[in-house]
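Enquirer: Residue numbers (the numbering used here), protein chains in the order written: chain A, 2 to 254; chain B, 2 to 254; chain C, 135 to 448; chain D, 132 to 387; chain E, 132 to 387.
What the hints contain is simulated information worked out from the structure, not anything from laboratory work.
Please read these numbers as outputs of a predicted model, since none were measured by experiment.
Be aware that a few hints might be false.
[Stated by the list, open to error] Partner residues are not named here, just some residues of chain D that face chain A (Cβ under 8 angstroms, in silico): (1) 182; (2) 185; (3) 275; (4) 276; (5) 278; (6) 280; (7) 281; (8) 282; (9) 284; (10) 289; (11) 297.
[Stated by the list, open to error] Derived DSBU-like pairs: lysine-lysine, alpha-carbon spacing no greater than 35 angstroms straight-line: (12) A:169 <-> B:112; (13) C:299 <-> C:254; (14) E:160 <-> C:355; (15) A:215 <-> B:241; (16) E:328 <-> C:249; (17) D:295 <-> A:169; (18) B:221 <-> A:238; (19) A:240 <-> B:74; (20) D:328 <-> A:74; (21) D:295 <-> A:62; (22) A:83 <-> D:328; (23) A:215 <-> B:74; (24) A:215 <-> B:235; (25) D:328 <-> C:318; (26) E:295 <-> C:432; (27) A:221 <-> A:240; (28) B:235 <-> A:169; (29) B:74 <-> E:295; (30) C:363 <-> C:178; (31) B:235 <-> A:240; (32) B:112 <-> B:6; (33) A:23 <-> D:278; (34) D:308 <-> C:345; (35) B:83 <-> A:241.
Even glycine gets a Cβ: it sits at the ideal position worked out from N, Cα and C.
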Amino acid sequence: MLEIKNITKTYSSPQGEIWTLKDISLAVGKGEFVSIIGPSGCGKSTLFNIISGLERPDRGKVLLSGQDITGQKGHTAYMLQKDLLLPWRTVLDNCILGLEVQGVARDVGRKRAEALLPEFGLEGFARSFPVVLSGGMRQRVAFLRTMLQGKEILLLDEPFGSLDAFTKGEMHEWLLGIWEKYHPTVLFITHDVDEALLLSDRVYVLSTRPATVKLDVEVKLERPRFRDLITEEKFVKLKKLLLEALAQNKPHS
Amino acid sequence: MLEIKNITKTYSSPQGEIWTLKDISLAVGKGEFVSIIGPSGCGKSTLFNIISGLERPDRGKVLLSGQDITGQKGHTAYMLQKDLLLPWRTVLDNCILGLEVQGVARDVGRKRAEALLPEFGLEGFARSFPVVLSGGMRQRVAFLRTMLQGKEILLLDEPFGSLDAFTKGEMHEWLLGIWEKYHPTVLFITHDVDEALLLSDRVYVLSTRPATVKLDVEVKLERPRFRDLITEEKFVKLKKLLLEALAQNKPHS
Amino acid sequence: PPKKEEPAPVPAPPPLTKVTVMLDWTPNTNHTGLYVAKEKGFYKEQGLDVEILQSGEPGPAQLVAAGKVDFGVSYQEEVTNARAADIPIVSLAAVIQHNTSGFASLKEANLTRPKDLEGKRYGGWGSPAEHAVIEAVMAKDGGNGKKVKFIDIGSADFFSVIGKKVDFTWIYYGWDGIQAELRKIPLNVIMLKDFDKALDYYTPVIITSEKNIKERADLVKKFMHATSKGYELAIAQPEEGAKILLKHAPELNAELVMASQKWLSTQLQADAPQWGRQKKEVWEGYAQWMFERKLLDKMIEADKAFTNEFLPPK
Amino acid sequence: MKRYVSSFLAFLILLLLWEFSVEIFQIEKFILPAPSLVAGALIASFPLLLEHSLQTAVEALLGFGLAVIMGTCLALAMGLLPWVKRTVYPLIVVSQTIPIMAVAPLLIIWFGYDILPKVLVVALVCFFPITVSTVEGLDHIDQDMVKLLLTMGATPGQILRLVKFPGALPSFFAGLKISATYSIMGAVIGEWLGGSKGLGIYMTRSMHSFLTERVFASIVAITAMSLILVGIIEIIARLTMPWLYQKISWQQDEKV
Amino acid sequence: MKRYVSSFLAFLILLLLWEFSVEIFQIEKFILPAPSLVAGALIASFPLLLEHSLQTAVEALLGFGLAVIMGTCLALAMGLLPWVKRTVYPLIVVSQTIPIMAVAPLLIIWFGYDILPKVLVVALVCFFPITVSTVEGLDHIDQDMVKLLLTMGATPGQILRLVKFPGALPSFFAGLKISATYSIMGAVIGEWLGGSKGLGIYMTRSMHSFLTERVFASIVAITAMSLILVGIIEIIARLTMPWLYQKISWQQDEKV
Ligand SMILES: Nc1ncnc2c1ncn2[C@@H]1O[C@H](COP(=O)(O)OP(=O)(O)OP(=O)(O)O)[C@@H](O)[C@H]1O
Ligand SMILES: Nc1ncnc2c1ncn2[C@@H]1O[C@H](COP(=O)(O)OP(=O)(O)OP(=O)(O)O)[C@@H](O)[C@H]1O
Ligand SMILES: [Mg+2]
Ligand SMILES: [Mg+2]
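I would like the entire structure built from these sequences, with the hints used as guidance.
Expert: And the structure:
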């Protein structure tokens, strides 16, 4: 459904050219959960910026259902690395931000969002401001906001990067549940090998800058999945594979 | 060498009493690397504050080599959750901060620190200010500063909590090397089960608040250790054990 | 019921012309005539609606010249300076016939004549004219003004400094002097006019711009006629005048206003044939005096600086 | 309110000290009137003071309103168009070194002696803090929020309304509060230029009539009015930005 | 320097506009002198202006120095002792609503007619920004740094010297720069109270002699001096806090 073809991107900085992405191609099928994993600073967020239309690639194309959307905004729902809740809006109004931008009347949007709050563990917080939320709740609000935009594909950039290990585990379980129910098409960035394997149908491993696709692994673990999967043998094997691919990127090995 | 005996601690907050630590006892032998793992907010940092003398427990004692040091400062070298490099001091001067407080002449301290810089991957950065350092380098400066204080025991509170997964991996390898060489006595707080198992001789698992010791696991993996250990069977077994102990703490399970 | 007879429509009075006067300071007894004319309706009789404004920096001279106000209260020194700087203002009347300012000291200091001021401390505001005036007055009495110590007291008032930091200052008798009388602080005052005829200049005066005189002579005439009437009443009935002033400026010290007005009532017209009348020799003499002492860059034409033309005919 | 108790006590002690030193050192009342005398003057001339205060308040509020409009517009122009900021901001900062008293006479000459020049003095005094604060507020908006809205396909107008305006509000109100502190003072300075009513007029007349206690009474009135204005703005701020003042309970206690 | 080019150009355009409107609308020079006339006055009376400026500079620097000392001491007391802050801070903020021109005559009465009252006016004007900024700097010091030093067994003196002083420096210098902007203006206000030398005197005398172009020339001098003072402080700040101005290369490029 989403195809990225031979994308290349270079930034110019005061210290000279920074070659970020080099001929990256990848594909996400409808209803698929695909993760991208790669060293810090390799250009993962840059790739998402290009897919979402925030930036233009130097070369290459972004296709959605066969249609060229390179450089066009509004085709994807992008959840950035930070949760970016607007502190001056209540939880409910943060959720409907995307709808409001699309021109949906506030009342209509609010009704739609309110129905989903319990499922996102946000019952009773509709009229609270984000300051009172815990880290995990903030991520769920941001996620609900992303889902509500009703786009065909969700881009999630390290949504759980700032959570502590335990909250993260809970969020994994919760996200697996949500995914089972709605089967959205997801492209997911993470640093965490366990996370990538636990959640995805497929994992792309990127190299250090300039980023190329080093490995493309199908994760053939049956669903529904639960957290205990992490210590099972099949899982650990895949993990070893990924860790090795990543280690090859290291300049000193 | 360090013994903590039946420590209890309660905070009073506007919302009422917060019972943080409940009858915690633990021990660290000389040259041992001991980790404490537990859910966020359970009181791990509070425990370190008590050991370092920043706070007093309601009940219980802290013994160092049999001597009661409860509420006394200056017996331990404490590396706090943040790196806390002073931005106005060069790398070298940050390293000698502890020595300066102890009254060691700057020149003497600087010489001592300078000799250790290469080993800490800080060569050539002696006269730089902390702004130019990467996250991993900052942690190493903070660690060198802690080591240089020359205390019998190091308290490390989530030193790698803020690093991304790859940098963290590198730091683990580096720390294992340093530890092999100097064999300091370390008490280490972490959220990360992999990290705790990889680095420690023993791991304490704490429960949610009020924290009690749930589990005390000897990590019988031979040293020297390397990162690949993570996917080995013995390791994964221990991990399962720890994960289960932690899961029991969750209110909803 | 019989229809009530409609009252004959009163012919609407011609609309009043708006006129503004800017004072040289806060309202004080020098200005009573203006307030009397306003209160008693003398201005209205002339078809004028007069607003009286208090001034700050700058004085009214520039505002009158710039046409922002129609009339102002100024003093001869300022008019002379302004005309030397090509600022076209003209004095229409002398509010007080003689200079009522002088050098005041505490009685116990025993400074009775200009010569006594030698070696004493003078508290002033640091203008070059002060040096010239002190030297001139003392010279007439055979004293040396260079021997006076000048101390800046700026905006501090007479009573807070006299006898402490300084031995004498320059006051208007009609205000500070009267205040001293009320406080029962005996003073010696050396009046300027008694020692140098050139220094018996007009302060304050009423001014307008040359443009007004040229283009709105009628209005100027009406204003000055009413104003004259106001001052004449203030001369005749000082208590009534003081009451009117206090009505318009209730912030003032009532006791001081009463006493000051009584004292001034004899000074306003004094020996002149008519209130406000100015003499050419006074204008020329003072300008000459300033020019000689390099207080003026160029000499002014004295008869263009003032006019008696708008005073009511006598 | 409770947190101001100690300053209030300190203030009372200062007043007492002042009262007694005037007594003990026999300081003449035209040099430094005792607080009791000032209080007396305040009461005795209350109706007069009130009348003048009203005039000053009107000038201050008009000027303040003008400054809010000018400052906000300029700040928006600077915050949204970098070249405007690059060009105008240094000029505005430099203009702060010009003493207002030096420019004020020009205002009178240009705009007459009516209420207008006073309003302009207030506006000049107030506009700088508002502009600077608002620009700073706009500068410190999280650019990633803007980015987020862009990915949603938001128009520049939507971004302004949904992110930039509300994001700059706290700084804007901080600027308003500083300006409010100085607004009454600005009106008084304006009145010193000339006029016939207002606290500035009351003050100079009292000063020239040797009524020092009334001068102090007018200072009290100025301070009181300034505080009231600041208080009103604080209230408006709380109503406009409830999220800023919402009580933050221990965040750790609201676990997932 | 380069980033000020556009404001400089804008300034030049304003000057030209001013020059031409004076020409076209035939504005009399005592109302608004043309810039060329002001420049002429600046050159013609340069030695005189210089002499007066020196006096003003001395007053401003002394007052500024005094404000730095007072402000820093007060800020330290407030930053280190919470009860002092709770008590004094509100009073200081309220005191800002009192117009300095109203208090100035009292300064003359109390402190004589010499340079002292002018220095005090400058100090009063300057001390508020310094105090407020420094207190804010002390408030925003990372308490964990203090905690770190405590675990090392540091004394309060060591904590002050090693963490609190250097941590508050950037705010302190920010306050200094604001104060410097107003210091020359403060001295001029002080001189308006009375004196025999200084830009304020030069200005009132020019005003009373109807030499408006000289009034403008003195405004130019005031602005120039203020900018020089701010510049000097900027240089001192850069020398004192090299870490703040060190060039930050792309942090991502210095990987482990
Ligand atoms: N606007 C820009 N101008 C110049 N260089 C940039 C810009 N944005 C990103 N870069 C550079 O491009 C590289 C890739 O950045 P990017 O944010 O895509 O990395 P990332 O893989 O998302 O890293 P992380 O895992 O830390 O989020 C970085 O080295 C960064 O320095
Ligand atoms: N000074 C204090 N006053 C009141 N409560 C406090 C204080 N310090 C900590 N607490 C509470 O004590 C509990 C334990 O805090 P602590 O920082 O020790 O947790 P932690 O285990 O280190 O958490 P984390 O993993 O997030 O660092 C928390 O719930 C916190 O709210
Ligand atoms: Mg990224
Ligand atoms: Mg902690």
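Enquirer: Against the earlier hints, flag every one the structure doesn't satisfy and list their numbers going up.
Expert: Hints 1, 2, 12, 19, 20, 22, 23, 26, 32, 34 are the ones this structure does not satisfy, whereas the remaining hints hold.
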